[in-house]
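K.L.:
Given the coordinates of chain X, work out where chain C should sit on it, guided by the hints.
Listed below, chain by chain, are the residues.
2 protein chains.
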Amino acid sequence: MTNNTNDVLSEPEIQVNKKLIDDTIINFLPKTHSIQEIDLLYNMMRDYPLRPAKGIRSSICLFTCQAFGGQVNDALLTASSLELFQNWILIHDDIEDESEFRRGQPVLHRKHTIPLAINAGDSLHGRMWSLLQNNHSLLGADITLNIIDEFINMLNETTEGQHMELSWSNTNDWDISQDDYFIMCTKKTSWYTCITPFRLGNMIANKHTIDENKFVEFGTNLGIAFQIRDDILNLTADGKYGKEYAGDLIEGKRTLILIHLLESCNNSDREFIESFFNNNREFREGNYQQLLDLIYKYKSLDYATNICNELSEKALTEFNNIFSDLPDTRARLLLNNITKYMVSRNW
Amino acid sequence: MTNNTNDVLSEPEIQVNKKLIDDTIINFLPKTHSIQEIDLLYNMMRDYPLRPAKGIRSSICLFTCQAFGGQVNDALLTASSLELFQNWILIHDDIEDESEFRRGQPVLHRKHTIPLAINAGDSLHGRMWSLLQNNHSLLGADITLNIIDEFINMLNETTEGQHMELSWSNTNDWDISQDDYFIMCTKKTSWYTCITPFRLGNMIANKHTIDENKFVEFGTNLGIAFQIRDDILNLTADGKYGKEYAGDLIEGKRTLILIHLLESCNNSDREFIESFFNNNREFREGNYQQLLDLIYKYKSLDYATNICNELSEKALTEFNNIFSDLPDTRARLLLNNITKYMVSRNW
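Line by line, the protein sequences give chains X and C. For the first sequence, my numbering begins at 3 and goes up steadily by one. For the second sequence, my numbering begins at 3 and goes up steadily by one.
If we strip away everything but chain X, and leave its shape as in the complex, we get:
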């Protein structure tokens, strides 16, 4: 195994599992329909799932299941449903955030209009529950209902987090503390990226519910660190990253970087920043370099990197606490490396 955590996703076991997940999703989603309009809907539902993605959430679920002594096959439908969750909610998020690119291609609503994309997101959302229902014959009724419970909780948290972030943009509210940001991140990112995937893997291995707090503190810290890393990459990454470079600045996203900048800057710089965000998208696309210069001037990227590192260390310590009693398996090692990758990745 390589020592470079940025290569962890090319480990053969991770690739094998990713192929299983991709195949499960593509075999499950409907392919063609004799009515051409519905055929287009099916096409739209497969669009994001067919774009290259890392599959971190499904990998966490599968390897956690294995690390706790479960079988990959038992977690396959659930892990695939986590990817479907990510796919349908991204369709809606891309509309809500007015994003332009996703996974290196135009967002779905730019290809097919907003009305069709909202509806395709809802349709794909329905398919997610349908795939989860297939757990019934595999794992039995009770555990299937427990898994559905976890998904409902994850969806509640995610939409609350997304609502917080959208509200800030909507009311042009920049009076946001770092704590506000951490709560928003926990809801918007930590639950569906970390807490729930780990919980589901453990639950499926145990074939039983788990304590309601298990993985919550660990996953919260890991998820926030992951999100901060994502915010940093948006301003530093190269082509492999897949989203619009500096898109967060153009979309006016409240990141830890910007919150730190606003807490640190002098009045005249603050005036520029506020006027930048009061201007339209076209202006922001043409003038974000000045904002970037301020971010460097006030070392806001460094600040965010330090917080990301602190939270990562906490998360990795908690990882060891949770997993140290388990057998020293390849699954546990890979899971540990995925965790490290999430907070130090270059793409």
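Derived by calculation from the structure, the hints in this document are not laboratory data. Please note: incorrect hints may appear among the correct ones.
Heads up, the list lumps identical chains together, so a pair's fine if it works in one copy or across two of them.
Straight-line C-alpha distance at most 25 Å; calculated DMTMM-like pairs for lysine to aspartate or glutamate [stated by the list, open to error]:
1) K301 / E276
2) K299 / D175
3) K33 / D182
4) K216 / D181
P.N.:
For chain C alone, coordinates are given in the frame of chain X:
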């Protein structure tokens, strides 16, 4: 009991059940949150459920359950979830259709912006599954999963129907046959308004799955007749109706009325119709009276009324076939009157 089917919804038993459903929903949805942004989200989720609505779908589910010998209480969560389905999907439909009013008030996205409304719809969607999950302790795991299956199927059909209708508007396609319209209506309206509510009521009373075709032909005909009646009311109803008068013409909805008009009109009238729909919303808001005149000239409202009546008769015959073996209960009588109301209503 009154003989006027338009008054059926004011029957005391229907009012009592409607209050039970409204209370179930309002007690279930989260009320307040200490974070003010999330408090607003909760407010948005309760908005449509708190607006006056007829509650036809939940009534069908409850009275079908009773007619088949089941208890109202057993169907209460499921019937309430049908109303939640209606509420969250209307939030998204109103965006997709660019509607202006819903139940006599501005649509949700006009009050709170499109991004917040898409997300609130998703959040309410999540709550629907959560309410359904509460059936677990009431009815047991197996029947709960069967109910969820019915909801998934209903959602698949509804989004396919909505997609068909949106695609026609999107591509400005007026080359639509009456059969295309009937398929679209079956998917968009019949499933969630008729087929699934009847099926769920029967299933909960039986405490077992029912034949996959049961209520499908009946509910298809009833649902299409209901939709045609809705299309007619959009051009004839008074203030009680709650939606924008002639909104269907302004939104360019493919109704049976318009399909008949296009099949019947001469070339110069067709040219006007096409130019009307090629024009922007403002033009259509100012000029729909001319289109309405053509609808009267070619008797397209009469044609639609006749088809509505034919389908209604079929549906009522099928109602008798399905329900005639059951005891002659008040629930069966009310259900029959609701069915009659759906296809002859004035609001």
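K.L.:
Against each hint, give a clear statement of whether it holds in the structure.
P.N.:
Taking the hints in turn, this is what the structure says about them:
1. Taking identical chains as interchangeable, the C-alpha atoms of K301 and E276 lie at most 25 Å apart only when both belong to the same chain, with a minimum of 19 Å there against 59 Å between chains.
2. Proximity of K299 to D175 under the C-alpha cut-off of 25 Å is restricted to the intra-copy arrangement: shortest distance 23 Å within a copy versus 55 Å between copies.
3. Taking identical chains as interchangeable, the C-alpha atoms of K33 and D182 lie at most 25 Å apart only when they sit on different chains, with a minimum of 21 Å there against 43 Å within one chain.
4. Taking the shortest Cα distances, K216 and D181 sit within 25 Å of each other inside one copy (22 Å), while across copies they are farther apart (54 Å).
Figure legend: structure checked against the earlier numbered hints; every hint is met.
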